[in-house]
Each structure stands twice: as structure tokens, then as C-alpha cells.
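Please model the entire structure based on the sequences and the hints provided.
Read top to bottom, the protein sequences are chains A and B. Heads up: the first sequence is residues 93 to 276, going by this note's numbering. Heads up: the second sequence is residues 6 to 135, going by this note's numbering.
Rather than coming from a laboratory, the hints here were simulated on the basis of the structure. All values derive from a computational prediction rather than experimental measurement. Positions of the beta carbon are idealized from the N, C-alpha and C atoms, including for glycine. Certain hints may be false.
Said to hold, decoys possible - Chain B is faced by these chain A residues, among others (derived, beta-carbon under 7 Å): (1) 106; (2) 110; (3) 111; (4) 228; (5) 230; (6) 231; (7) 250.
Said to hold, decoys possible - Ranges between beta-carbon positions, derived for each pair: (8) B:123 to A:263: 36 to 46 Å; (9) A:119 to B:54: 46 to 56 Å; (10) B:54 to A:263: 22 to 32 Å.
Said to hold, decoys possible - Computed from the model, here is a short list of chain A residues facing chain B with C-beta under 10 Å: (11) 105; (12) 107; (13) 108; (14) 112; (15) 188; (16) 224; (17) 244.
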Amino acid sequence: MSGMEADRAAASLPERVVSIHIAAPVDRVWAEITKVGAVQRALFDTVLECELRPGSRLRYYSADRKRVFVVGEVVEVDPPRRFVHTYRFTTWKTETPTLVAWELAEEAGGCRVTITHSGWTSEHGKLAEDTGAGWRGILRVLKQEMETGRIPWKTRLMYRVMGWFSFMLPRSTRNSDQNRNGSG
Amino acid sequence: MTGTICDDNITLMATFGDRTEDLEPVWKALSNATRRRILDLLSEQPRTTGALAAAFPELSRFAVMQHLRVLEEADLVVPRRSGRERYNYINAVPIERIHDRWIARHVRPWTEALVSLRHALEAEAREEAG
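As C-alpha cells, this is what we get:
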């Protein structure tokens, strides 16, 4: 292991990278992932609320706004290339936020979408791995939605079941609680 | 009942399923033992090209770079520059797409297996009783 690698390991856990090619114009994909105030089907049917400028408070709510899943702050907006925001899932025990960077680039036949999720520390434990699996699913659904206008029936079924069991979600996901604590 | 669900599954997958023609490079990339070993190493942590080359003393650095290029073209490895170093990250999305397209549909749901087992046991019990 080189000295540089050793430093990285001590300072933080490695970032996670997921990437996919989508046969759709980069502007359409950008519009979808930065869509505010309406359901984003690929992102587990959540609703993004933020202003698309650095420093703005950012939230991903459930479609009915009763739950909040992701709290953070917008760091960078460079249409249609980069959307960067801090990220903390409301069920996490740790308060330490992480950083999510969406990168879009034109590519032959469409565009490439790459998500880099960094800022992981030992406090986050296995969360990096679990969240990585989530991003991979999100990219696969986003690809299908952009290319076919539909999302897979299995995903729709999963969302339905998740809805039924939403009453089991921890208190920390309640919208009112987050509004009290998080000024962001 | 279960049969119907499975048939629907296959029909829907065929109609609205992920476009899979671009998975060809993934199969090619995965068909080589050295490249699979590289993916194993990268799933532990991102590594520089130099660190990967050192893990394969029997191969030239050039040969390792060729393997990395094949993995990158298949989208299985995403490179990131950090200073003059190139870090290689694993990207498991294409493997999950292969799973969706070729594996998930052929794996018998465990619920179905349990129902069959119950039917078999009940039939056996009836035979013994009769």
C-alpha cells in the first residue's frame, strides 16, 4: 500500500462510485434528477425539495410529505453536468453528513450518469455498502424510465409494499420531527 | 397462481425489460479469470493501477492495463484521477443488470418451492393414510 493510500484509509472510508449509460439526451436526465416538488419515480417515489443553488436546504420527502428520508444542503449546481449535495439519511444514528455528486456527461447514443458518494467515516459502518446498493438500483430504474417511459413492475410492486409498511418507519423519518430539528 | 405470476413476469420483462444489447462487453469482460480477480480486489477497496499491477507479479503492467481497459469499456470499472494517480473503482451496476435479465427470472422463488414441498408432503401423508 502506498503512503497516499494509507492516508486515505486513515482519514475516511473510500467513496462509492456507480455509473450507467442512458440512451436519452443529457438535458432530459438532468431535468428528471433535479425535478423539484414532484415525484421522482427512480428515487423510490420521493419528492425533492430545494432551491437549485448552493447553500439551499435540501430534502427528499415521501410523496405524501409525511416522511423525510434525506436531509442535506445543495453544494453545487452546474446544469446539465453536476449536482452536488450533502446527504444524511434520517434513520442514520450518526449526525455526520456525507456528500453525493451526480455527474452527467454526453456520450455517444445518450449520456453517462455517475454518482459518487463520499465522506464516509468509520461512524457510518456498513451504511456505505447499503447505500451503494440503493444507488445501483436507482440508476437501473432511472435508465429504464428514461429509455422506455416506464419503470419495472417489480419496482412498482416494491414501492407499493414499502407504502403499506411505512407506519413501521422510525420516528426520525417523521416530517414534523425533521422540521423541528433541521434548519439545514 | 404462482405459475401465472411467473408467466406475467417473463412477458412483462420481455415487453418492458431493460435493453440488454449493451451487456455484450460485460460478458466478454467477465469471461477472463484475471479480470474477475481484479474485480474481487476492487470490491475490497479502490486501487491505483500501480497497486493492481503489483498484485499480479506474473503479468506485465501493460497486460494489467489492457485488462483494465476491457473492464472500463464494459462499465465494470470507473477510473478516477487523484493527482497523477489513477484510482480504479468497481461499478457493480452491469452485474446487477445481468442478474435482472438472466438470473432472477430463472431462480425459483422460495415461496413457490415451499408450496410444492407442502403439497408433496400432504400427498405423501394421504397415501400413507389411504
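The hints, checked one at a time:
1. 106: Since chain B brings a Cβ to about 5 Å from residue 106 (chain A), closer than 7 Å, the hint holds.
2. 110: Holds, because the Cβ-Cβ distance from residue 110 (chain A) to chain B comes to roughly 6 Å (cut-off 7 Å).
3. 111: holds, 5 Å
4. 228: With a closest approach of 5 Å, the residue 228 (chain A) hint holds.
5. 230: violated, 10 Å
6. 231: holds, 6 Å
7. 250: violated, 13 Å
8. B:123 to A:263: 36 to 46 Å: holds, 39 Å
9. A:119 to B:54: 46 to 56 Å: The hinted range 46 to 56 Å is violated for residue 119 (chain A) and residue 54 (chain B), with Cβ atoms some 34 Å apart.
10. B:54 to A:263: 22 to 32 Å: Violated - the Cβ-Cβ distance for residue 54 (chain B) and residue 263 (chain A), about 47 Å, lies outside 22 to 32 Å.
11. 105: Because about 9 Å separates residue 105 (chain A) from the closest Cβ in chain B, which is inside the 10 Å limit, the hint holds.
12. 107: holds, 8 Å
13. 108: holds, 8 Å
14. 112: Holds - the Cβ of residue 112 (chain A) comes within 10 Å of chain B, reaching about 5 Å at its closest.
15. 188: violated, 20 Å
16. 224: With Cβ-Cβ at 8 Å, under 10 Å, it holds.
17. 244: holds, 7 Å
Hint compliance for this structure: hints 5, 7, 9, 10, 15 are not met, and every other hint is.
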